[in-house]
Amino acid sequence: GDSVTQTEGQVALSEEDFLTIHCNYSASGYPALFWYVQYPGEGPQFLFRASRDKEKGSSRGFEATYDKGTTSFHLRKASVQESDSAVYYCALGAPSGGSNAKLTFGKGTKLSVKS
Amino acid sequence: GGIITQTPKFLIGQEGQKLTLKCQQNFNHDTMYWYRQDSGKGLRLIYYSITENDLQKGDLSEGYDASREKKSSFSLTVTSAQKNEMAVFLCASSIDPTGSYEQYFGPGTRLTVL
Chain A
1 GDSVTQTEGQ
11 VALSEEDFLT
21 IHCNYSASGY
31 PALFWYVQYP
41 GEGPQFLFRA
51 SRDKEKGSSR
61 GFEATYDKGT
71 TSFHLRKASV
81 QESDSAVYYC
91 ALGAPSGGSN
101 AKLTFGKGTK
111 LSVKS
Chain B
1001 GGIITQTPKF
1011 LIGQEGQKLT
1021 LKCQQNFNHD
1031 TMYWYRQDSG
1041 KGLRLIYYSI
1051 TENDLQKGDL
1061 SEGYDASREK
1071 KSSFSLTVTS
1081 AQKNEMAVFL
1091 CASSIDPTGS
1101 YEQYFGPGTR
1111 LTVL
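One line per chain: the protein sequences are A and B, in this order.
Just so we're aligned, residue 1 is where the first sequence starts under my numbering, counting upward by one.
Just so we're aligned, residue 1001 is where the second sequence starts under my numbering, counting upward by one.
These are calculated hints, taken from the structure and not from any lab test.
Beta carbons: idealized from backbone N, C-alpha and C, even for Gly.
Do not take every clue at face value.
[Said to hold, decoys possible] Going by beta-carbon spacing under 8 Å, a handful of chain A positions derived as facing chain B:
{"id": "1", "residue": "D2"}
{"id": "2", "residue": "Y39"}
{"id": "3", "residue": "G43"}
{"id": "4", "residue": "F46"}
{"id": "5", "residue": "K68"}
{"id": "6", "residue": "S96"}
{"id": "7", "residue": "A101"}
With the hints as extra help, turn the sequences into a complete structure.
Written as structure tokens, this is what we have:
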């Protein structure tokens, strides 16, 4: 079945560091890909999505590019802030016009940024 | 924009008790979901509904019932709470049932079973 594998566990950075959280997927065709962020005590928030090869999604300084060749959708940010500390989830959905309402979520990556 | 409201925010129950969690959305979305999130872990799908009166089982439906009374509301029942159970239950909605579009989440209901 479809699956998502992302950077496991925790990533610890200092403010202004460059962030990369890896996300690789296994699915046929061109699934929709998503990034979500979850702050303590809240539900996950949608960051952005992409659904075509080489399409870039971005929001709040975060970005990721859909890469069919490497089946990846890595999350990047050039300069992180303490307020970016949260858990980040990569998720996989159906291709456009698909018929499966479910998203498949990765296990989450906890980002901790110190000032 | 819109909002998802979950009630109650905190729920404390006794072992064996039947407990009901409620979710309301004003996005006018067709599809709604219930997820369970255990501490430090990812999201597991319990039930989803692609339209009013529709119910579909997720990966973790055993021990739960759900009800989609109308388009804007989706309820989840824990049929028999398990002792020492602690989890957050998240409700979400999406504009369409194809899985191609994002889901929007509520703030969660935090369950503790004594």
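Hints versus structure:
For the restraint placing D2(A) at the interface with chain B, the shortest Cβ-Cβ distance is roughly 10 Å, beyond the 8 Å limit, so the hint is violated. The criterion of a C-beta within 8 Å of any C-beta in chain B is not met by Y39(A), whose closest approach is roughly 10 Å, and the hint is violated. Look at G43(A): its Cβ gets to within about 3 Å of chain B, closer than 8 Å, so that hint holds up. Because the closest C-beta pair between F46(A) and chain B is about 4 Å apart, less than 8 Å, the hint holds.
With a cut of 8 Å, the hint placing K68(A) at the interface with chain B is violated, because the nearest CB-to-CB distance is about 16 Å. Satisfaction of the interface hint for S96(A) is found here, the shortest Cβ-Cβ separation to chain B being roughly 5 Å, below the 8 Å cut-off. The beta carbon of A101(A) comes within 4 Å of a beta carbon in chain B, closer than 8 Å, and the hint placing it at the interface holds.
This entry does not satisfy hints 1, 2 and 5, going by the numbered hints stated previously.
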